[in-house]
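S.K.: Every number in the numbering used here is 9 more than the matching position in the sequence shown, counting from 1.
Heads up, a few of these hints could be off.
[To be verified] EDC-like mimics (lysine to aspartate or glutamate), calculated; alpha carbons at most 16 Å apart, straight line: (1) K77 to E114; (2) K74 to E114; (3) K103 to E87; (4) K105 to E64; (5) K74 to E87; (6) K105 to E90; (7) K74 to D101; (8) K103 to E114; (9) K77 to E87.
[As the list claims (entries may be wrong)] FRET-style restraints, in silico, Cβ to Cβ: (10) M18 to R84: 37 to 43 Å; (11) K105 to L82: 18 to 24 Å; (12) V104 to Q69: 39 to 45 Å; (13) A43 to A123: 17 to 23 Å; (14) M18 to M66: 28 to 34 Å; (15) A43 to Q20: 48 to 54 Å; (16) S17 to K74: 52 to 58 Å; (17) F122 to E36: 52 to 58 Å; (18) A123 to F86: 45 to 51 Å; (19) M66 to A21: 43 to 49 Å; (20) S121 to S33: 58 to 64 Å; (21) Q59 to K25: 42 to 48 Å.
Source of the hints: derived by calculation from the structure; they are not laboratory data. Values in this document were obtained by computation on a predicted structure and should not be read as measured data. Every residue, glycine too, gets a C-beta built ideally from N, C-alpha and C.
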Amino acid sequence: MSTSEAPSMTQATIRKLVADSVTSALEAQAANMANTDNTTRPREAPIARQCSYKEFMSCQPINFKCIKGAIGLIRWFERIESVFSCSNCTEDCKVKFATGTLTKESLSWWNSFAHPIGIE
Numbered sequence: 010m011s012t013s014e015a016p017s018m019t020q021a022t023i024r025k026l027v028a029d030s031v032t033s034a035l036e037a038q039a040a041n042m043a044n045t046d047n048t049t050r051p052r053e054a055p056i057a058r059q060c061s062y063k064e065f066m067s068c069q070p071i072n073f074k075c076i077k078g079a080i081g082l083i084r085w086f087e088r089i090e091s092v093f094s095c096s097n098c099t100e101d102c103k104v105k106f107a108t109g110t111l112t113k114e115s116l117s118w119w120n121s122f123a124h125p126i127g128i129e
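Start from the sequences and build out the full structure, keeping to the hints where you can.
M.R.: Here it is, written out as structure tokens:
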């Protein structure tokens, strides 16, 4: 074996090289941003906007039919949370939009629960 052969790289070595490169790039970006003169241009605050029911539905929430028990309910919760995130749904719209996906027994239950306490 000659001394000019490069040692083989292990997965751990490759991961460390990638991590070090990412860390270095992030530090350089942070330094660049800190050195940029932001006094000439004021920062604009992001404008929060309310998502519409159409936008919510375009993210394809699943209807809850109450037929797959607890597992079906957990999957519905997970999907609804994903749709809330994708559609940028605001807190005040979540109940209204999510209940729009209830069907059959779950819709009947919701109506019997919500109407007496004044939830529309």
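S.K.: Decide, hint by hint, whether the structure agrees.
M.R.: A quick look at each hint next to the structure:
1. For the proposed pair K77 and E114, the alpha carbon gap of about 12 Å is at most 16 Å, so the pair holds.
2. Our distance criterion of 16 Å between C-alpha atoms is met by K74 and E114, whose separation comes to about 7 Å.
3. For the given pair, K103 sits about 13 Å from E87 by alpha-carbon distance, which is consistent with the 16 Å threshold.
4. For a cut-off of 16 Å, the pair hint linking K105 to E64 stands: about 14 Å separates their Cα positions.
5. Distance check on the hinted pair: K74 and E87 sit about 15 Å apart at the alpha-carbon level, within 16 Å; holds.
6. Of the pairs offered as hints, the one joining K105 and E90 holds, with about 14 Å between alpha carbons and a cut-off of 16 Å not exceeded.
7. Between the alpha carbons of K74 and D101 the distance comes to roughly 24 Å, so the proposed pair goes past 16 Å and is violated.
8. At roughly 20 Å between alpha-carbon atoms, K103 and E114 are farther apart than 16 Å, so this suggested pair is violated.
9. Of the pairs offered as hints, the one joining K77 and E87 holds, with about 14 Å between alpha carbons and a cut-off of 16 Å not exceeded.
10. The hinted range of 37 to 43 Å is satisfied by M18 and R84, whose Cβ atoms lie roughly 42 Å apart.
11. Taking 18 to 24 Å as the suggested C-beta distance range, the pair K105 and L82 conforms, at roughly 19 Å.
12. At about 19 Å, the beta-carbon gap between V104 and Q69 misses the expected band of 39 to 45 Å.
13. Between A43 and A123 the C-beta distance comes to about 51 Å, which lies outside the given range of 17 to 23 Å.
14. For the pair M18 and M66, the beta carbons lie near 50 Å from each other, so the given range of 28 to 34 Å is not met.
15. The beta-carbon spacing between A43 and Q20, approximately 35 Å, falls outside the hinted interval of 48 to 54 Å.
16. Range check, S17 to K74: Cβ separation about 56 Å, and the 52 to 58 Å hint holds.
17. At roughly 53 Å, the beta-carbon separation of F122 and E36 lies within the given 52 to 58 Å, and the hint holds.
18. Checking the proposed 45 to 51 Å range against A123 and F86 shows it is violated: the Cβ atoms sit about 18 Å from each other.
19. Remark: the range hint 43 to 49 Å for M66 to A21 is upheld by a beta-carbon distance near 47 Å.
20. Taking the beta carbon of each, S121 and S33 are about 60 Å apart, inside 58 to 64 Å as hinted.
21. Distance hint check for Q59 and K25: the Cβ-Cβ separation is about 46 Å, which falls inside the suggested range of 42 to 48 Å.
The structure is inconsistent with the numbered hints 7, 8, 12, 13, 14, 15, 18, although it conforms to all the rest.
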